[in-house]
Amino acid sequence: MYSRKLPYLLLLPSALFLCVFFLYPFVLVAWQAFVTDTGELTSEYFMEMATHWKFNTALINTLLLALAVVPFQIVLALYMATLVNGMKRGRDLILYIWTIPLGISDLAAGIIWLAIFEQTGFLNSFMQSLGFIEEPIGFLGYQNKGTIFVAIMLAEIWRATAIVLVILVAGMGLIPKEYYEAAEVFGASRWKQFTRITLPMLKPSLQTAMILRVILAFEVFAVVVALGGTNLPVLMGEIYTWQYDLRDSSVAAAYALVVLAISIGFTLLIMWGLRTPKGARV
Amino acid sequence: MAEINIKQVAKQFGGTHALHSIDLTIADQEFLVLLGASGCGKTTLLRIVAGLETATSGEVWIGGHRVDKLAPRDRGIAMVFQNYAVFPHLTVYENIAFGLRMAKLPQAEVDKRVNRTADLMHIENLLSRYSGQLSGGQRQRVAVARALATEPAVLLMDEPLSNLDALLRMEMRAELKTVLAESKTTTIYVTHDQVEAMSMADRIAIVNEGRIVQAASAVEVYRNPAEHFVGSFIGNPPMNFLDATALGDGWWDVAGTRIKGPSVKQNKLQFGIRPEDISVHSPKTSNPQDSPSATIRVLEPLGSHLLASCKVDNQMLRVVLDSDASVKAGDPLHWSPVADRIRWFDPATALAIL
Chain A
69 MYSRKLPYLL LLPSALFLCV FFLYPFVLVA WQAFVTDTGE LTSEYFMEMA
119 THWKFNTALI NTLLLALAVV PFQIVLALYM ATLVNGMKRG RDLILYIWTI
169 PLGISDLAAG IIWLAIFEQT GFLNSFMQSL GFIEEPIGFL GYQNKGTIFV
219 AIMLAEIWRA TAIVLVILVA GMGLIPKEYY EAAEVFGASR WKQFTRITLP
269 MLKPSLQTAM ILRVILAFEV FAVVVALGGT NLPVLMGEIY TWQYDLRDSS
319 VAAAYALVVL AISIGFTLLI MWGLRTPKGA RV
Chain B
128 MAEINIKQVA KQFGGTHALH SIDLTIADQE FLVLLGASGC GKTTLLRIVA
178 GLETATSGEV WIGGHRVDKL APRDRGIAMV FQNYAVFPHL TVYENIAFGL
228 RMAKLPQAEV DKRVNRTADL MHIENLLSRY SGQLSGGQRQ RVAVARALAT
278 EPAVLLMDEP LSNLDALLRM EMRAELKTVL AESKTTTIYV THDQVEAMSM
328 ADRIAIVNEG RIVQAASAVE VYRNPAEHFV GSFIGNPPMN FLDATALGDG
378 WWDVAGTRIK GPSVKQNKLQ FGIRPEDISV HSPKTSNPQD SPSATIRVLE
428 PLGSHLLASC KVDNQMLRVV LDSDASVKAG DPLHWSPVAD RIRWFDPATA
478 LAIL
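Chains as they are written, first to last, in the working numbering: chain A, 69 to 350; chain B, 128 to 481.
Hints are computed from structural coordinates only; laboratory data are not their basis.
Here the structure is a predicted model, which is why all the values come from computation and not from measurement.
Honestly, I wouldn't trust all of these hints.
In silico SDA-like pairs for lysine to any residue, Cα to Cα no more than 25 Å straight-line [unchecked claim]:
#1 A:Lys245 to B:Tyr220
#2 A:Lys271 to B:Pro215
#3 A:Lys245 to B:Lys387
#4 A:Lys260 to B:Lys196
#5 A:Lys260 to B:Asp238
#6 A:Lys156 to B:Gly142
#7 A:Lys245 to B:Gln156
#8 A:Lys245 to B:Ser463
#9 B:Lys387 to B:Val322
#10 A:Lys271 to A:Met155
#11 B:Lys239 to B:Gln156
#12 B:Lys395 to B:Ala293
#13 A:Lys260 to B:Pro233
#14 A:Lys122 to A:Ala136
Bound-form chain B, shown alone (with noise of 0.2 Å):
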């Protein structure tokens, strides 16, 4: 059993605050990811956890026991590194075996453990090689089954695939997202990649300025976010984003058209739509009252679709049409949400209405 617990972590660098205040708790067995872009404190926070970097204030539990105040060598963690840290010195069965050695098993212990791992990792074949003698993609094998080995409660893994070439990374996510479900490991993932994020993670915790703005299933965040931020991060193309004026009675307004929404006392609100979860009609079917029209400017044929970044009420509108749809740049658009799922954000703190 490891759960992780995060207590009101923060960071300071200097003046700067890296991180406010956490809290995060991550099941027993759990793949949790840190989503974020760069500089937003991801990082930090597994470094944190990892005690490669001591908080400012708050607490980290692993397993229940507190760890903060403990080496990272005394956490019964794991981990792989951004760049992989593979020992150039040592070969790769001893890059394996190196944390094994540090605790003193047995050599036929020690064997074994690494045959298996390197087995599940398929690098059986290089164990007499050394890290300069392989490619980045072995290398990053070499540094998960390093992390395997010690059979870790808990392994924390720092953007491990943002190295890879994009069809070698594809292929690990899927390799690691099995070998991990076995290894029955809690996981902290950091990336910065929300496919690699969305794939894999049980949970999604995604960061912003220091703070973690919705923590969720990968459906959850997309379908439901929880942020103007979220709805703006998470999807390509991400969210659209309109100005709604209210019209009384839970009626909006939102680029000359009626719309349904909620009963609040705000005047202003944003109306949020996923590019897919727009429906278009021809002209002459459509009441002009309640659905909006939009003029075309881009069209991006994506192959499995074809993406229109069209203009409306002088705004950025983009949807998603069948890839064959017959259309050019300058037509009109007749478009309307689906209603189940449109979300509303308050433009005051960004948050979303229900």
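If we strip away everything but chain A, and leave its shape as in the complex, we get (with noise of 0.2 Å):
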């Protein structure tokens, strides 16, 4: 029954649904970007799109959100894995109430962050009734960009760092405790160990969670709408009005395109960044 052919059968159903639903349109919204209606090559919808006044805005906030928010889930998510793998008792209890707000949907999450921060939100009257404030803050005002790009960021680490969490949990629990014991015994202490062992061996797990987070971040968008509305455009979120308000496709076509490009520019430069030695694999 073996043949050579066999696997290759075995991965052709999943390869046509990739081609089906991916491959093929990603090759119509490249169309859609780079051909006119009438079939001839153009630039225009890329001109038109960067040339838009809140393209470089969108692409700032994207860019400013993804790195004010990566690199602090990453940190955070690795003092909490330390945590919980540390724990003797409770370990599993600990990660399902932490992991609560992978369940919650992006959309739902900026919901209830609205509800905290908005002029009759929790934050306003807590504060109120302390005696803090005499009325109500509008945090979310179209003048207090600042405060509507931390409340952003506080949705999204709340939301969205459990996932890069259960990443490193993982990854941790594969490096052999006898790696510490080790490293114990020839002098180095807890900090060592975790910046001479535990990173460098987490490196594939860091890798998958960066590049998971990063992509997704450079896709916020209903976290985004939900608290900012339109006071701090993202690049998702003018795709969403080009397709939709404007009725230009092509232009949100570009604007997808934009997306891929800087996904894809990310995710070589961490796979470059935290690559593994040759022979230093286990």
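Put the complex together from the two separate chains, hints included.
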């Protein structure tokens, strides 16, 4: 029964699936972004996108958000994973509790944080009842871009740190205990054990977690819409606006390609930055 | 100077006693082997000295300082692990340098020590490799080099050779012995392999069910086992044990023969003799009174000698015969023990009687 072709045959369904539902739409999008209705190759959609006044703001906001959120999430998740792995009892319970936000959609997460920050929200009524403020503050007003940014950051960190945590906890569990014992015997402090053993041996998990998070960070949308409306434009929001409000799929497609290019660029950067030297793999 | 003192160290895991109040002193520069079957507590004892395990009670002193409350890194020890624990993400060089980097030695000194220990362990050409590119034997060498590079006062080795194949193990055994003799460290070495223990140790501590039953030189534990267990554990084949019944005046009946033994009150003793401490006579020259007869059941030609498993008085007796002895299964065998090699054991306590 076994033949050389069998593995390829088994891979065929998933390959077909990817072609139909990923590659084909991708080609369509690329076509829309580069080709006019009359079938000529053009860069006019990209020009339109890039010269629009919101493009730079959206690009910078998206990059800044990713830059502010992802490193913080990685550090926080590393710390949480270390705590969880050091626990003798109740480890699973804590892990379940910490991963609850994973079960909440990003729009719902945005609305939860909106309920905290809005004019009549929990934060305002809390501070008011304690007498810290006389009247409610409009945290999310258009003149307070900084607080909107911070609120989105908080919501994103609350919502999506758990996925990093899960990946890192699994990765840490794979590091044999004896390496820590050896490091301990040879004089490494707790901190040194973390930097000299845990971090380097966690590279593959860190790589996965960071790529996943960075890609998702560039696609941030619902949380931003819930908390900032259109006050804080991001790339994904612009795609939506161009597609549905301005009814111009070609410019929307151009935007989509920009998001794709940034994602690929950062993925390659992370893969290169966290590469394992040949031979150093376990 | 790093004498190790283990004082009344006990360890319990839940309700089970892994170690019962161990007292042991290892002299400066001594090579002590902890020998025992798996699960006897020898590794636990080593890990307590290392600080990787905490004793339930008792004290550990190294070089005149009490260390049992200290972290492993503050005890001035180095260790070789059973599975080597060579860091896969570091090169051989950085593995050997690990302890030196932690001690923040200057790069020149690190370089000097790494190169010296690498030369010593014959891995100087592997320094830029990663552990994944090494064989088991090479990894073992890296693990030993890493430990020696820190020039430790105390070196702890946990079954370091058990993952190597037989030939490599023999080679490494001799090499380790030479290297460690030069390094002048106090060494505790855990193994379940008695040949390894006897060939390397200054002194062997035999561990059984959480107790040290005898701590003495290789020859001493072999010739004068302190307990029935030691006689049956050390030696391949192990010591023979036969029931002895008192005849009075220090004479004992062993399988139908009168043998001079200790004058003690007990009625029953166990007579112990090593298979090679038995002499065999031809039937004509022997007097049936003082040479008991056994029946050969199985013969195993082992090259250097012939091992005969015999039945005597319904008990098992193994005898080492000359490799060209002309005997066959079913033959009677007239034997007598070499008088000064006999050991007597109290069947109630299993302890040897002198």
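Satisfaction of hint between B:Asp238 and A:Lys260, Cα-Cα up to 25 Å
holds (21 Å)
Within 25 Å, alpha carbon to alpha carbon, are A:Lys260 and B:Lys196?
holds (21 Å)
Keeping to a limit of 25 Å between CA atoms, is the pair of B:Lys239 and B:Gln156 held or broken?
Given pair B:Lys239, B:Gln156 holds - Cα atoms ~24 Å apart, limit 25 Å.
Pair hint A:Lys122 and A:Ala136, alpha-carbon separation not exceeding 25 Å
Given that 25 Å is the threshold and the Cα spacing comes to 21 Å, the pair holds.
Decide if the proposed pair is consistent with the structure: A:Lys245 and B:Lys387, CA atoms, cutoff 25 Å inclusive.
violated (57 Å)
Need the status of pair B:Lys387, B:Val322: alpha-carbon distance at most 25 Å?
Distance ~32 Å between B:Lys387 and B:Val322 Cα, so the pair is violated.
Satisfaction of hint between B:Pro215 and A:Lys271, Cα-Cα up to 25 Å
Holds - the C-alpha atoms of B:Pro215 and A:Lys271 are around 12 Å apart, at most 25 Å.
Under the criterion that the straight-line Cα-Cα distance not exceed 25 Å, is the pair A:Lys245, B:Gln156 satisfied?
violated (30 Å)
Is the hinted pair A:Lys245 and B:Ser463 satisfied, with a Cα-Cα distance of at most 25 Å?
violated (55 Å)
Holds or violated: are the alpha carbons of A:Lys245 and B:Tyr220 at most 25 Å from each other?
holds (22 Å)
Pair hint outcome, B:Lys395 versus B:Ala293 [Cα-Cα no greater than 25 Å]:
violated (42 Å)
Keeping to a limit of 25 Å between CA atoms, is the pair of A:Lys271 and A:Met155 held or broken?
Distance of about 22 Å is within 25 Å: holds.
Violated hints for the displayed structure, listed by number in ascending order: 3, 7, 8, 9, 12.
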